[in-house]
Structure formats: structure tokens, C-alpha cells
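Visitor: Just so you know, the sequences run in chain order U and C.
Take the first sequence: its position 488, counted from the start at 1, is 488 in my numbering, and no numbers get skipped.
Count along the second sequence starting at 1, add 807, and that's the number in my numbering.
Please note that a few of the clues may not be correct.
[Said to hold, decoys possible] Using C-beta positions, here's what the derived DEER-type ranges look like:
no., chain 1, residue 1, chain 2, residue 2, range
1, C, I1010, U, D317, 56 to 62 Å
2, C, R927, U, E659, 53 to 59 Å
3, C, A973, U, S399, 26 to 32 Å
4, C, S870, U, E61, 24 to 30 Å
5, C, A973, U, I639, 55 to 61 Å
6, U, T411, C, L984, 43 to 49 Å
7, U, P512, C, I1010, 48 to 54 Å
It should be emphasised that the hints constitute simulated quantities derived from the structure, not laboratory data.
Quick reminder that beta carbons are idealized off the backbone N, C-alpha and C, glycines included.
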Amino acid sequence: MAYMHIGKDFTPPDVPGKVTGRIKYAEDYTREGMVYARLLTSPIPHARVVDIDASEALAMEGVLGMLTADDVYPDGEPQSTGLKMLTNEPTLVGEPILAVAAVDEKTAETAISKISVTFERLPFVLDPLDSLQPGGADAYNGGNTFVFRQGFAVEKWSADQVASFRAGNEPTAEPQQTVAYGDLEAGFGESSYVYEGTFTNAGYPHHSMEPRSALAYWEDGKLYLHGGSQSLTAFADGIAGVIGVPKEDLVFVNAATGGGFGQRARAGSIPVYGVPAKLSQKINRPVMMRVTREEEFTIGGARQGLTGWIKVGFKPDGVMAACDLWIVSDNGGKGGGADAYSAADCISVLYQADAVRFRGTAIGTNTAHRGAQRGPGQNQIAPIISPILDVAADELGISRFDMRKINTPMTGDVGGPQRTPFTSAYMPEALELAAEQFGWDERQSRRRQTNGSKVIGLGIGQGYHNAGRSGMDGIVMMGPDGRLKIHNGVGNLGTYSYASTSRAAAEVLKMPWERVDIITGRTDLHLPITSPQDGSNSIFTNTRAFYGAAQDMLAKIKEIAANDLGGTADEYDISNERVHQIADESVGMTFAEVASRAIQLGGKYTGSADLPEELAEWTQISVSRLAGTGFMGVFHDSIHEGNPPGFTVSCIEIELDKETGKYEILDLINVAESGTIMHPKGMENQLVGGAVWGIGLSGYERHLYDPQNGMPASTGYWQSKVPTYLDTPVKIGTGWVDLPDPENPVGARGVGEPAQGSVSAALTAAITDALDGHIFGASPITADMIINHVAGTSEDSVPLAQNNFRG
Amino acid sequence: MLNEGGKQHVNPKLTRRRFIKGVIASGAAATTTGAWYSATGQDRPSGFVERLIRLNVNGQTRSVDVEPQETLASTLRYKLGLTGTKLGCNRGECGACTVLVDDTPTYACSVLTHSMKSGRIETVEGLESANGDLHPVQQAFVEELSPQCGYCTPGQVMSAVGLLRANPNPTREEARLAMAGNICRCGSYDSYLDGVMRATELIG
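Required output: the full structure, derived from the provided sequences and hints.
Guide: Here you go:
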């Protein structure tokens, strides 16, 4: 289909501000009378605050006030896992206990140093298997696990059960969760190759570059909060509840966000924004809370670590007959997510296994806050499963590429334990495109070629994430100038989805891009509710909503024209910012004239009547404030059916040096299958960015904690090493399938998360390939693990410990 | 732990190690856990160290009240309002605060402002021409959609400008090496390198 905007490159309006430094992040703002907050955080991993003596601090000149957990939770702290604004029951090092406001940060910091906090030290634990041991410490006050709707609980295994699991055997304990489909036993019975083994994925921090600093102040009863979020209205909607301010009294200002990766999508991830908000309310001054890198490490989120056992069976023809997965998740100090289940879901989707069983138990540790991180679960299992497929392929005499084709998902298939049909799935096309662009077949002659201590490894990998939601709202406006204003609450994360999704509305109305304004960046511009910008959903979800709003405006344009110029609405079409009769294009009105007429008519044309009944409360507030101010198109999206998948396929060639354990990525390609491509350059950014994340997952990033004191040892960028220019190839290849999805009006789906998983899968497969099929069963695979394997020591695969020093 | 005295003599191209040694020698400690914020303090006389100094920033002489232990990043952001210079780690790991000092990319979080009195400091705000045209590196970064979240972008821009002044025609590999001190957590390295190579074309 020939589009005016879809699939075309453009410059999102915030890009010039990013290259000039003009665009403002939360900490770049100032406010007259602004004072500064500093946090006092827990120095020990698990404790209870017994007493706080701040008398000396509060008597200091320049100190304006203090905020404690008792202030923010007057009825007691929430008895659940999850981050809190402040706490008297810290369950990890660095958890905020209190905050002090002062005229400058020097004074605030000095005041913090004069506060005496008496802690009751409690037992701590860094690894879920240690906590499962009889007598093992419990990470939370009340247990080591949290059962939804039931509360804290204690989960223990026998010493023999833990030891057996550590030794590589299938866990025999009762899991907290079991999900299954198909006949597992029959599947393994039909299998001619069965792999069975344990694995571990280290957790690691999100490490967004912008620390979660925030500025808050109150004016005329309204809270103005400057912060950073992946989402805009979805986040504001949630943080209003966290802080306890009515939605209509919150103005969330968020023009740009310095990285999120899952931990700035929802209000529960950043309750600490409540600290400057409540301090400001208490002392009646604007409060800036600057957050340090260490604080960002602690409360900025981390990927869940997984410790698992996997058994996979393949039939003689290569079909994955059965997959049995048992995972113990590390939920960290503040609870976690559903990564383990998503890992099983991912295997089911990507490899269409005849039978899958998932069993899982989630256990807390006194380590960093865990939460969704780019492909939570799908991307941990990607580097685990891909080498298994390769070894199976070699055992069965099937090419590794054919192994993927044999098991590929495609349109008409179902996936996941819920057996959900895909809205569409063009994975076969993606596999072919990646293989062709990379020259997979031609490169096979180089496989395992050696040059001195160096050896070539080739890897192929696939990534998946569910990539679309629905049911959101859209608002478009037009004034007498005829410019189209798209009210967009998606949020500016750096994916440019806020701009790409707006293009769907411009497309409907055939508006030149230079005549379109995206209204975003702060909620007092009256924006509709959107889904949180996570789960690779924005493109699919919000093109539906904005497309619908523009369709509503288009229908109203034609109605007004028919009313004023005669005939019926369906006898009209639009072009060049005019509505005109199809039979006689000279009979028509400009959009500017239509907008003026709409404002005269009022009622449904200006959002004053006949609104969709299902609009969210947030949207209703926005619409009520916009009503009567211009020509409005407004829409509430229905719920779609099926699973819109985001897929990627990656191929990698590495040269691994067996003497150093290091490898160079000689070539890497990352190919997307995410429906229609909205914005090629934006897609390219997701693919190259995801590739870098995949390299980090497979090779570098991990938590390290001091087992004696529970102190985090990887709070910085070089300790939990983020890949740099020098760890990534000098050029990363990209490509995409670009076929439309029927459940989206422009055919688009998302892709951000799988773009990491496929590269991690391919890189780990390439390492395995270079080492003659050795499966480490781990992420990351570090140089010392490779050297140990080459040396034949027993330490090539790490013990099943996620957060401790290794070896 | 706060420095109230001690004169700094630090080479503008100093390394982080030398910076720390210099701070220790002066009795100052600029840590990331909070005390560095004291660098923004406005109160208290500080002994014999001259507080009001002149800095050459973006071609202008700026008079500014600077504490002895104050980093250049703090001065630029909190005294001079040049918030284009970002703080990602404040300890010389990420490069978000990169500025040019005498054309050399420099981590502004890791040099003391007092050591910059003789240096020619350039920040991202100083790159545009008088008529508002973007610098070729900025223009190229727009055309190649180099930034993602944008937080590291000013630092990437300044490293690229520094590179192209020293070597107007780098290879992609040379650009990769020159930019290696700037982390991009979004992983947009490939797009930044596309931008640098495009900038070489724009500069001609």
C-alpha cells in the first residue's frame, strides 16, 4: 500500500533539542526558591529502623525539613513487596530511609551525616537457593516469598532437594506455579535427542544514563512534578495514586527521559518521586532531588536472575517434541516479575514445541530491586535455548538454520501455554531474509576454522516478545489555522514511538507532516491515556488509538461538508487539506474552514457531547478541558484478538581466542519481523540498540555482591559492564520483513525487546560453536569461564549462584 | 570530608587517577555518594583560595564563584546554566559530561574548575553558528537519527567534534576508537558512527 507517511523516514521533533542540549531532562529545570533534597539510604542489606535521631541535623541553619516513612505512610507501610517511597524496613543496601531538604545540597548532605539511625540488623541472603535451604535467611520481614493476594510466606526445600538441584538434577520440590500443555511424556518418548541440564542467568542493573532525579512543587493546589518516565500519561495516572494527589491536580512534566528499559514505564518503579513531592508539600518550597549513580543502581531496577533446569526433546526430523522447564527466580529485595513464565512462553512461541511444562518458584534476596527489563524472561532464555538447538541439530544431522525453519512459528499457529493464535507471524520470511543478508550458507565453510589460538564461531538466534495491546484512547484537535494537533501521551523514551504513532493520524487525514503538531511533554496539555510504554507495545497499541481519533475527525469533516455543501458524507473525500465532493473536487472546504465551522457548531465537533462512553478517567479529564476549544476527533479503541508478536532473527560470526577467552564479533546482522515498518531509521535504532544489549546480556553484565556483608560491588558502568563502542562491531547490519499485521490499521507491531534476545541467542550460539558445541548454560559467559573450559577445569560452568562472586 | 582550603594545580588533560590524587593532596574529597554535591554550595568563604574566577566558556569570559573542590560539570550546569552537559555517573565512567578543553574531549565531572582557568572550554551550547545553523556534527546526528534517549548525546557530539578537529577524515574504525569514552546505554553506537561519518562529508 502506498502511504504518505508510514514507512518513510522523518526527523522527530525532539531530535534537534537532543543534539544541541536544549531539550530538558528533569534535573535541568530550576524553580525560584528551589531547595534540595538528599536521601539517607540503608547501609546494610536487611534491617529494621529502631530509632531516628535527627535533632542535630534539623537544628542546622539552612535545613528546612525531613521526611520519613512515618510521614509518607501514616497508616503504616504497605505490607507487600515492591519499592516504597521511604521505608523503616529496608531489604537491600541503598534503600531510601529518609530525606532531608536544605537550602543547598552541601547543607542537606551535611545534615544527613549528622542523623543517627539505629538499625536492628536482620539476617540477609543473596541467592534464592541459599534462602530455600532449611534455616536459610528470609529476605523480607515475614518470609522469603510473596504470594499474590495472600501475602508473605516462607518457602523452604530440604537440604537434599537444594543439593540435588545444585548438582544439576530436576528439582523435586513443589513449585509455586505450574503451567502446561501437551503430552510431555509422549513428547520425550518420541524424541531421539534429549538435552537436560541446569542454567543460570545473572541479574543486572538497567543502568539508565539519566539518574531518576526529580523536581516537585505545588502551586494553586496542583502538584507540578518534573521527572523521567518511559510513559507519560500512563505514568502520571499511576504516580498520582502513589503520591495521593487527585489526577486532575497533577501536572507531570517530562519532555525527555534518559533511558528506561522497563524500569520507568510504571509508577510502581519510581515511587521515590513521591519524596520531593511530599517534601515540597511539607516545607512549601520547590524541591529538587538529585539522584546519584549508586542510588540509581539500587532503586533503578535490575533484571531478575533465573536459576533453572531444562529438558528439551527433539524428534528425528528436528521437531521440538517437548520442553520441560523448572525455574527458581531471584526476586531481589523488593519483589520481581514474571520473567520465568515468560521464558517458557517464549520457547513455546518461537519453537512451537508440541508439549511444554513450566514450573516456577520466586524467592526474594536482599539484592537490588527487580523488575521488567527489556524482554523480561524471553531474553534470559534466548541465550540458554539457542545453543541447545544447535547441539541437537548437529546430533540429528540437520543444519542449524533448518532446525529453526522446522520449528518456526507462522501465521495460523498458536503460541504459549494459553495457545493464543498469532495475529500474523512472518518468522519464516525473517529467517530467510537474515540468512540471505548475512550469507549464512556461504559462511559455513569458515565454521570452526582455526588460526593459531583463534577459532571462528557462527551463531543464529531468534527473539520474541508479545508486541501490542489495545483499548487505549486517542485525541486529535484542529483549530482555525487548519493544523492537525495530535495529543500524544506515549512518552519520549528515545524510541521515537511518540512521533511514529502520530504519523498514523497524519496518514488518515493526508496531512503534510509540516502541518502537524505533536502535543506532548507535559500533562497539562491535556493528553489521552495510553498504555505504559513497555512490552514493545507502543507502535501497535497507539497507532490504533491515534488512527481511530483521526478517523473520527475525518468522519466529522465529511459530515460538516455534507451539511454545508449538500449531499451525503460518503460523497466526499479529502486531499491537500481540503474536503471535497468526489464527483466535483471544486465543491469543498479547506480543513481550516471545516475547523472554524466545527467550532461554531460545537457539541460533538468540539468534544462537548457524544463522547465515547468507554474513555478512561484520565482521558475524560483531558477531553473536558479541551472541550469547546477546537475541532476534536476522539476515540476509544476496542480490544483486539490474538497475539501480535514482535520477532527478530540474528546471525553472528565471531573469532574467539582460546588463550584469552575473549572474542571479536566479526559480523552481526539483526533482522526484524514486526509487521509494517513505521519509521525505518527508528527501526534501525531499535535493532542496533538491541544488538548492543544482547552483547551485554551474553558477555558482560551481571550483579556482584559481597557475600559477607551483602554490599553491591557492581554499582557502576564498568563493574556491571555495559558494552562500549569497543565491545560492539564497527558496523551492525539490519533488515526487516515489512509485511502488514491485520489487527493494526497500518499493519504495524513493536520490536524493541526481541531485538536484544535474538542477538544474545546468536552470540551465545556462536561461542558454543567456536568451542565445539560446549553448552555453558549461563549468561553472561565471561572470559574466565571460556578459559576455564579450554583448560579443562571444573569451573567452566558456574555454580548455580546468581549474585555472588564466582569461582 | 569537605574541603575548605588548599589550592589546586591540575593539568586540564589530567586523568581520573591524577584528579583523585590532586583532590587528596588538597584535602578535598569529591565522592559520588553525596559530598560532590557540596561542589554546588554557595556559602562560606573558603580560606585563601580565590573564589571568583574567570572562565573562557564558548568564547565568552564568564566570571563565576567557584569552590575549591568544585568540578567543571557542576560549574557549567549549576552556576552557568549550561545544562546541555549531562551527568550520568559523575565519576568518569560514562562520558555524558564530555566537553572540549583546548579542543581535547574532557570529562567535566573529573576535572576541577579551578584547574580550567587557562583553558578554552566548549560545551554543546557553543557549537551552533551565530545564525543558528547546527554544527556539522549536530546536523549529521540529526540526519542519521543518531540519538535515542538523548542523554549521552551532548557528550557524543563533543567527542565527535574533538575527533574531527584533530582528524577531519577518520575511518569508521578510527571514529570508533575516538568515541570509545562515551557510553550509550541505548546502544546507539552504530547510529553515532553513521553520524560521525556523515559529518565528515558535511565538513567536506
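Visitor: Which of the listed hints are not met by the structure?
Guide: 2, 3 and 7
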